[in-house]
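Novice: Can you make the complete structure from the sequences, with help from the hints?
As you go down the protein sequences, you meet chains E and B in turn.
Going by the UniProt record's numbering, the first sequence runs without a break in its numbering and finishes at 350.
Going by the UniProt record's numbering, the second sequence runs without a break in its numbering and finishes at 496.
In silico contact screen, one side only, chain E against chain B (beta carbon under 8 Å); selected entries:
#1 Q128
#2 A213
#3 Q217
So these bits of chain B aren't anywhere near chain E, every CB distance computed over 10 Å:
#4 A243
#5 R248
#6 A473
Hint data in this document are derived by calculation from the structure and do not stem from the laboratory.
All C-beta atoms, glycine included, are put in the ideal place defined by N, C-alpha and C.
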Amino acid sequence: MHQEPWRMPMRAGSWRRLWPAVVLAPVVMLVVILAAMPAAGGVRDARADGWPNRPVTLIVPSGAGGGTDQTGRLLAERLRARLGQPVVVVNRGQGGGVVGIGAIRDARPDGYTLGILYNFAHYTPLGQAAVEAEDFTAIAQYNADPAAVVVHRDSPWTDVGAALDAVKADPGGVTIACAGGCGGSWPVAIASLLRAWDVDPAAVRMIPSQGAAASLQDLAAGGVDMVPCSLPEARALMEAGVVRGLAVFGAERLPAFAAVPLLAEETGLTLDLGAWRGLVGPAGLPEAVTARLERAMADVVADPGFRAEMADRGFGVVWRDGAAFAAFLRQQQTTVRALLRDLGLTRADP
Amino acid sequence: MDLSVLGAAAALVLTPAVLATMLAFAVAGLVVGAIPGLTATLGVALLVPATLTLDPVPALAGLMTLAATAIFAGDLPGALLRIPGTPASAAYVDAAHALSRQGQAGRALGLGLLCAALGGVAGALALLTLAPVLARLALCLSTVEVFWLALLGLSAAALVARAHPLKGAVSLLVGLALGCVGLDPVSGHPRLTGGLEALSGGVGVIPVMIGLFALPEVARGIGTRAAPRGLPGMAPGWGAAVARDLWRQRGRIAVGCGLGTVVGAVPGAGADIAAYLARAVTDHGGGGAARDPGDAEAAVIAPAGAANNAAIGGALVPATVVGIPGDSLTAVVIGAMTLHGLTPGPTVFLVQPERITAVVLAFLLANLMLVPVGLLAIRSARVVMRVPRAVLAPIILVVCLVGAYAVGGTPEAVVVMLAAGLLGIALEAAGLPLAPLVLGLVLGPTVEETLLVSLLKAGGDPAILVSRPGAVALATLTLGLWGAGLGMTARRHRRS
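Specialist: See the structure below:
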């Protein structure tokens with residue numbers, strides 16, 4: 001009796017007989033999976049009345065552990081209590097947030113997929129993704145952290161004016177970290193400051209990194225001259241005396257960092273720039289859902305427990321309702337894109 | 001270290017409540033780690049909210065235990081199903097699985113367990129005694145030094161394929177090519193993504209790893225009758241074999257512990273570089289050392305397994321002392337510490353010395369607790385071995401599909417996993433080793449980013465790469481390693 005080929009012991013030659021099965025099996029499975037996905041989505045109830053009658057997904061476009069993740073989980077916990085349904089946090093941090101923000105934009109606008117949006121305006125001009133302010137339904141902003149200028153302990157600059165003058169005198173001789181990709185919240189803040197000081201930001205060496213922690217490490221090691229980031233991010237190294245905060249953006253000093261002067265006090269320039277985070281859904285969210293979420297968010301942000309937990313972790317609480325947040329998103333998009341063009345970072349004018 | 005602080009810290013840790021919490025988290029860690037696609041990082045992140053109701057010391061002790069056990073538990077599917085749990089364990093998954101196929105799964109897992117525990121203890125002791133010194137060292141490292149260190153790790157990949165350095169290099173190049181997919185680490189432009197936003201984060205190390213190693217195994221399971229009863233089971237007396245291995249490999253284990261701690265403390269370099277470097281450095285070549293069958297595999301598992309876990313303690317050094325996370329796991333741990341009122345930084349050792357010392361002690365204890373808990377896990381893992389291979393193969397396939405989706409969260413991750421599986425089958429058929437590919441994929445972006453960023457700082461002048469004393473030392477080491485490798489190859493050619 002001839003032995004069936006699939007009963008043969010594995011030898012080098014048996015690959016020749018096996019490869020069709022080996023190739024076909026995953027392909028068939030894939031087709032089944034892909035075919036099942038829209039079907040599963042189709043049975044979902046997309047009506048707004050009775051919302052929410054099943055768990056809500058909250059997309060966090062960052063890895064577990066970062067600031068967006070931490071604040072997102074705080075929100076999810078409190079929204080669950082107010083919506084009566086679990087709010088499931090899903091981390092999508094790949095590609096510096098591009099994947100997660102794209103997932104929010106492409107979600108079904110039924111109120112069951114929401115997300116945290118942060119400084120997004122640079123993705124489109126840098127050619128990383130097609131994201132517009134109009135792609136989202138703004139629900140509420142709950143957080144903003146002002147940028148600060150941080151330098152090494154041994155830096156010759158004792159105040160931010162001196163630092164800016166030094167950059168002005170020799171723009172090409174100074175390296176400024178981006179504390180992330182060069183286009184995100186922090187480099188946009190420092191570039192705006194440089195422009196206000198009559199320095200061409202494009203002439204300065206802007207150094208990208210994997211995030212504020214990596215840039216601060218490089219600052220401590222003497223790899224860069226200046227890091228723009230939030231003060232809580234630099235707290236440990238400031239306490240260790242390795243780095244110094246020269247100035248913080250915004251309208252008032254931060255209670256936990258009372259010794260760091262305001263940019264306005266030092267230079268007379270009032271720039272309110274930094275990182276911000278808010279709750280959004282995909283464009284076209286039903287009116288009733290948006291209104292319900294906005295009320296829940298107002299309640300959360302007013303909650304002393306939420307404010308205390310945010311403060312404990314070094315996050316600032318800022319409130320903008322849906323309309324104000326939507327206007328803010330549009331205004332961010334315009335100013336950031338203009339700035340990126342000046343920086344010479346824009347890939348091509350659309 | 002003040003002894004009275006140590007005593008007070010021990011009193012905080014050695015209470016029934018803390019020990020019970022640690023035990024519960026150890027079991028949770030085993031479950032999380034043993035499921036491919038669920039990483040230690042994810043496990044800690046998921047359980048942080050559950051610790052909110054606990055006191056800081058039991059909460060953080062529990063999370064440390066979870067991290068330590070989850071990393072070891074990643075070796076279980078590695079040895080039994082050939083699905084590595086972490087990029088670092090890809091350095092020795094082949095050796096562990098080879099031992100399992102010889103009926104020595106108990107030896108492979110037992111040795112892995114004890115080396116993990118020893119490495120973890122070494123890392124914890126370093127954290128307890130040398131933290132300020134190591135943290136100062138870590139703060140001296142700029143992108144230039146990290147570039148050389150990552151390059152050193154990459155060179156190790158070609159060296160570990162000692163029998164066929166050329167095949168190792170080919171596999172490494174495939175890995176480097178895959179590592180190019182995604183947003184360019186410097187300018188952020190999408191590269192080789194085919195216009196898919198889901199690929200802008202790269203192909204994803206875990207899905208690639210799962211597919212690469214496990215799917216060829218599934219294919220073999222479909223096509224074979226050679227082992228109808230699954231893996232040959234655990235040969236009796238594996239305890240003695242593990243004890244003998246521990247003694248014979250003591251030098252390699254020591255090197256793994258030391259290297260793992262130091263490399264782990266470097267922000268940007270982690271357990272993966274440590275494991276591959278430890279394997280390469282302790283590989284003295286030749287079959288002369290192998291006195292018994294399986295010794296060659298043990299010589300790979302011991303140093304890499306120890307370095308893997310020592311790196312966690314190392315990574316916690318800059319995290320606790322200066323608040324800089326060495327990898328994603330320590331980033332989550334920093335978040336948890338902050339949440340429980342222990343903001344990492346130099347002052348935490350001054351303001352709350354008992355508490356932070358208690359957390360470090362708990363980490364030390366967790367690595368000791370790993371041994372009994374891990375032995376239980378190994379015993380229960382025998383169930384897997386009784387499953388006939390024809391039944392196991394489709395189960396592995398399902399585990400791979402779910403694991404890839406769990407970690408990537410996108411259908412594209414599943415496609416990447418399946419494509420990596422086909423690649424793995426092709427590479428194995430061509431006799432190419434898989435481990436260098438994983439290292440290329442992990443370290444390629446690091447090498448590229450640190451090199452380009454360093455050049456960017458200097459306005460394009462390559463002299464910056466040897467402008468700092470640390471960089472010169474690491475460069476000498478790397479080039480020396482290359483020279484030694486070339487010399488050895490040349491000698492072998494002359495002999496043959």
